[in-house]
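All chains should be built: construct the whole structure from the sequences, respecting the hints.
Residue numbers (my numbering), protein chains in the order written: chain U, 35 to 346; chain D, 4 to 453.
Everything labelled a hint here was simulated from the structure, so no lab data went into it. Small disclaimer: the values here were computed from a predicted structure and weren't measured. Glycine included, C-beta positions come from ideal geometry on N, C-alpha and C. Mixed in with the good hints there might be a few duds.
[Said to hold, decoys possible] In silico contact screen, one side only, chain D against chain U (beta carbon under 10 Å); selected entries:
{"hint": "1", "residue": "216"}
{"hint": "2", "residue": "251"}
{"hint": "3", "residue": "253"}
{"hint": "4", "residue": "339"}
{"hint": "5", "residue": "353"}
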Amino acid sequence: MTPPVVTAREGTDTPYALSHLDALESEAVHILREVVGEFERPVILFSGGKDSIVMLHLALKAFAPAAVPFSLLHVDTGHNFPEVLEFRDRVVAAHGLRLHVASVQDYIDRGVLRERPDGTRNPLQTLPLTEKIRSERFDAVFGGGRRDEEKARAKERVFSLRDAFSQWDPRRQRPELWQLYNGRHAPGEHVRVFPLSNWTELDVWQYIAREGIELPEIYFAHEREVFQRSGMWLTAGAWGGPEEDERVERRLVRYRTVGDMSCTGAVDSDAVTLEQVIAEIAASRLTERGATRADDKLSEAAMEDRKREGYF
Amino acid sequence: MTTTTTTPTTRAADLSATTLLRFATAGSVDDGKSTLVGRLLHDSKSVLADQLEAVERASASRGQDGPDLALLTDGLRAEREQGITIDVAYRYFATPRRRFILADTPGHVQYTRNMVTGASTAELTVILVDARHGVVEQTRRHAAIAALLRVPHVVLAVNKMDLVDYREPVFAAIAEEFTAYATELGVLEVTAIPISALAGDNVVEPSATMDWYGGPTVLEHLETVPVGHDPAHGHARLPVQYVIRPQTAEHPDYRGYAGQIAAGVFRVGERVTVLPSGHTTTISGIDLLGRPVEAARTPQSVTLLLADDIDISRGDLIVPTEHAPSATQDIDATVCHVADQPLTVGHRVLLKHGTRTVKALVQDIPSRLTLDDLSPHPRPGQLVANDIGRVTLRTAEPLPVDAYADSRRTGSFILIDPADGTTLTAGMVGESFAAPEPVTDPAAEDGWDF
Chain U
35 MTPPVVTARE GTDTPYALSH LDALESEAVH ILREVVGEFE RPVILFSGGK DSIVMLHLAL
95 KAFAPAAVPF SLLHVDTGHN FPEVLEFRDR VVAAHGLRLH VASVQDYIDR GVLRERPDGT
155 RNPLQTLPLT EKIRSERFDA VFGGGRRDEE KARAKERVFS LRDAFSQWDP RRQRPELWQL
215 YNGRHAPGEH VRVFPLSNWT ELDVWQYIAR EGIELPEIYF AHEREVFQRS GMWLTAGAWG
275 GPEEDERVER RLVRYRTVGD MSCTGAVDSD AVTLEQVIAE IAASRLTERG ATRADDKLSE
335 AAMEDRKREG YF
Chain D
4 MTTTTTTPTT RAADLSATTL LRFATAGSVD DGKSTLVGRL LHDSKSVLAD QLEAVERASA
64 SRGQDGPDLA LLTDGLRAER EQGITIDVAY RYFATPRRRF ILADTPGHVQ YTRNMVTGAS
124 TAELTVILVD ARHGVVEQTR RHAAIAALLR VPHVVLAVNK MDLVDYREPV FAAIAEEFTA
184 YATELGVLEV TAIPISALAG DNVVEPSATM DWYGGPTVLE HLETVPVGHD PAHGHARLPV
244 QYVIRPQTAE HPDYRGYAGQ IAAGVFRVGE RVTVLPSGHT TTISGIDLLG RPVEAARTPQ
304 SVTLLLADDI DISRGDLIVP TEHAPSATQD IDATVCHVAD QPLTVGHRVL LKHGTRTVKA
364 LVQDIPSRLT LDDLSPHPRP GQLVANDIGR VTLRTAEPLP VDAYADSRRT GSFILIDPAD
424 GTTLTAGMVG ESFAAPEPVT DPAAEDGWDF
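Following this line, the structure appears as structure tokens:
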């Protein structure tokens, strides 16, 4: 294990203060262990994005030297970056994990879900996710959501109660006091759990650097064929882009978030190392979602609406 | 790892060596709390361009000239439409010196439970008053909650100093009145700061007008207030969360007890007792997330290895044999009721303490406390949402509890409705409002004797 390189600053802090990364890591591990202690069938949502990769890394540390006592669930929109799918499969094999896949494409093929006019599949993930949770009887679902990501998430609980339809009812959310999480739920209900609630994007990157965590290469600057739509650089691909009037060009870009190809934009960047990525984020004037997610631009309350319906 | 020489890299490097402060704010919109929070976020450059644009758009559509920083902390649409409050909102910002987690709570009377929730994990709380009105009922309630939850540091931000011509005597009188009141309640430390959130005086930048004030700005104080628990102040406690037993060829006999140290320090070689069984053994190793260490302290998440093979499971508590708490089935506590359904005498509930959940009976509710003037109302019969009161509980099994005054983490518990799982009540074991020294003023004692 890599020794921590981050130490508390000298001066006014007592010698007992943990560094912010140690404090956040300890809190996340505590949350992961609480869930395994109190639930029957937890599962970790694993997209191959950096937040879910950090969550898995924390789980590996939390239960070592034993294996991670739960499986992984990927909601596959069918519009994946090939680099990310390859990464996902490699991680699963390396750690001997079990992977469940809920496929949006299956639902479209069976006629249960219909493609949206804009081609975006993020909003279509909710039904396959919900049905997979029910059929596999998962009672706790770890998500990589962070409260700093978006306004609707700022009031999210660490333990977020969902009804049998995965819906989030603000009135049923419980006050969370001290470190005493309440995971009680009725049969058929489940709890979404967010171990990274208190992390920011910068914390995630600093932790990745400190721990030497491997990421899919699309997080680092590379040359790519992209075209512009709604002010974002999208990758050309079988998912449906570009349209006739959209011009493809080769640019040096990287991804700040990893999601459905049709609505996850790349940013212009020459950051090829973790240090350069961290420097870029520290200097960035846009939030991660503001810069890269078309789906959050749909309406002012877009995330809030999707969350109520059972989205992550 | 390579280093580049661009300016942002320097800033990123700065940000990598930092501690974390969790703090809470209490105050109403009228006190300018949203403006203060907005300014902290804005002036510390934590508000990014797309967020600011959204605020500028919303401000313009409301016919305001400049961006209304209060809108940065605007709530969910569900709250606006349904007229409900989904309580505590968490905000995140950083300076080169520190990372901050802010629990932003609404300050109105009916929101006691939100303030209690926010204060439960806070090391500091900012209480706002309007310089024109001084210490009002609501201020006293906020002070009472900070004292009740034993938040180590309290900041009194005397806001709207611009509206009292930045006059020092106005500030001094308010600061003196508040400090006397808070100290009487048992608040350990008060720092009073004269500010104007709207004009920006003493929030992030020192005030150009109030040269009579020589203390820190709000942000400077947040950056420098000591954080971290002094392990000498509490006996070690490890609530066992999970037993790690790989049972693999590589680790056939590994058996580790995983948990987050709730108080104090554990050292290899130390004699420990496991509660409730009372078995005694020695710590043979401490695994700090993959790294063997000689000692670990709160709030680190660790795995303890013990010399003897004794039966330990989730819910047990590992403590130093020398300083084991006594277990009890009768718990006297001060509570804040947080659920919409009331808590009544005779109520059968679940009690979660550390990692252990046991059945419990509400035996008595000796008093309810009015936060406005702290007067006790004897025998209220029940507690409703946002009530603070004294409660006597009988648990089905003995629990090794500490007094909340000694340990916020192992002296706290929640009550849960066994029928629907609702979190009913937040509890603190032992006397509340316990001043460091016994209160000797008979008049004050009158107010505090339940």
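Tested hints:
For residue 216 of chain D, the interface hint is violated, since its Cβ never comes within 10 Å of a Cβ in chain U; the closest pair sits about 20 Å apart. For residue 251 of chain D, the suggested interface contact is upheld, since its CB lies about 8 Å from the closest CB of chain U, less than 10 Å. Because the closest C-beta pair between residue 253 of chain D and chain U is about 7 Å apart, less than 10 Å, the hint holds. Taken as an interface hint, residue 339 of chain D checks out: its beta carbon lies about 9 Å from the nearest beta carbon of chain U, inside 10 Å.
The interface hint given for residue 353 of chain D is met, as the beta carbon of that residue sits about 8 Å from the closest beta carbon of chain U, less than 10 Å.
Violated hint for the displayed structure: number 1, the only one.
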